[in-house]
Amino acid sequence: MSYLNATNDLYKEAALTPDVGLCCTTNPIWELPGLKIPRIMQEMNYGCGSTVNARDLTNNPKMLYVGVGGGMELLQFAYFNRQKGGVIGIDVVDEMLEASRKNFIEAEAQNDWFKSDFVDLVKGDALNLNVEDNSIDVAAQNCLFNIFKAEDLKKAIEEMYRVLKPHGKLVMSDPTCEQDMNDTLRNDDRLRALCLSGSLPIADYVKALTDAGFGTIEIRARKPYRILDPKNYPTDELIYIESIEVAAIKDPMPEDGPCIFTGKAAIYYGDQDFFDDNKGHILLKNQPIAICDKTAGAITDLGRDDIFISESTYHYDGGGCC
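In this text, residue positions in the sequence shown follow the UniProt record's numbering: the first is 1, and each later residue adds one.
If you're looking for bench data, these hints aren't it; they were derived computationally from the structure.
Don't take each hint at face value.
To be verified - DEER-style ranges, computed between Cβ atoms:
#1 D256 x E132: 28 to 34 Å
#2 E31 x R82: 30 to 36 Å
#3 L284 x R39: 20 to 26 Å
#4 D204 x D9: 24 to 30 Å
Said to hold, decoys possible - EDC-like, lysine to aspartate or glutamate: derived pairs with alpha carbons at most 20 Å apart:
#5 K279 x D236
#6 K165 x D211
#7 K84 x D137
#8 K62 x E159
For clarity, every value in this text was computed on a predicted model and none was experimentally measured.
The C-beta atom is built at its ideal place from N, Cα and C for all residues, glycine as well.
Given the sequences, and given the hints that come with them, work out the whole structure.
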């Protein structure tokens, strides 16, 4: 049995019998006016973070979500759109699609604003999306890409890149690990289906996105996820896994490489009112500004003693300079 078949079987079981905490940590549910999340959707929330961010969802964007789960994030996305077919949900598991359809009926009963036809549920494969080129404003996946082996991951990211409009966003939440999982954890199809044995280091994860052509990467959150220990998993050493939330933006690739935001900031504290590097970066005195790692390196190379560059916080909420 291939790891993809193991994944399908795992989530078929999870659709037929909801498995609370199947593979991931519990995250706070969005609290928005008039939005009620049915309990069944919460029980079937098989993700390790959130891909829903209000600043991505202005002006009624066309949205695509791959790997529907119980439909919770689809409902949250629809909250910001409220148009027939405004959100497309794709899943390869028939039982998960059917479970989401049933859950939407419950969501309609609890939310006056919601209609099931706000979401188009489509049978499909993340490796071959049945969606037109350049047609999506915001695409998302939660704890899905982490199951893919290298070539399949490359294909899945390329598919997302293909369907996004210029400057569209791919928003993701996945486990990451600083260790080489191939050396520390037995290659087990079920573990990969649980988003465990496929965990990548953050640098490799980001490289896979920039290799596909995404010119801007935002690392929005990095949180503790779980421990894999020798008593409970096929490993000889303790493995620490984190959950990372990332947005990859289909901006043109700059000539000097991608703009990657990892939560660095610059503060100018010199004698003048501002500092201008004559390359598009103006720092007002004692006013911190978020900068990408590339800009942080360029300013550091200037060797000035009146500019402070912070370490990466791995938290970024926009407004930066690159």
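Structure-based check of all given hints:
1. D256 x E132: 28 to 34 Å: With a Cβ separation near 32 Å, D256 and E132 satisfy 28 to 34 Å, so the hint holds.
2. E31 x R82: 30 to 36 Å: 18 Å, violated
3. L284 x R39: 20 to 26 Å: 49 Å, violated
4. D204 x D9: 24 to 30 Å: At roughly 28 Å between Cβ atoms, D9 and D204 fall inside 24 to 30 Å, so the hint holds.
5. K279 x D236: 50 Å, violated
6. K165 x D211: Holds, at about 18 Å.
7. K84 x D137: 16 Å, holds
8. K62 x E159: 16 Å, holds
Hints 2, 3 and 5, counting from the list given before, are not met by this structure.
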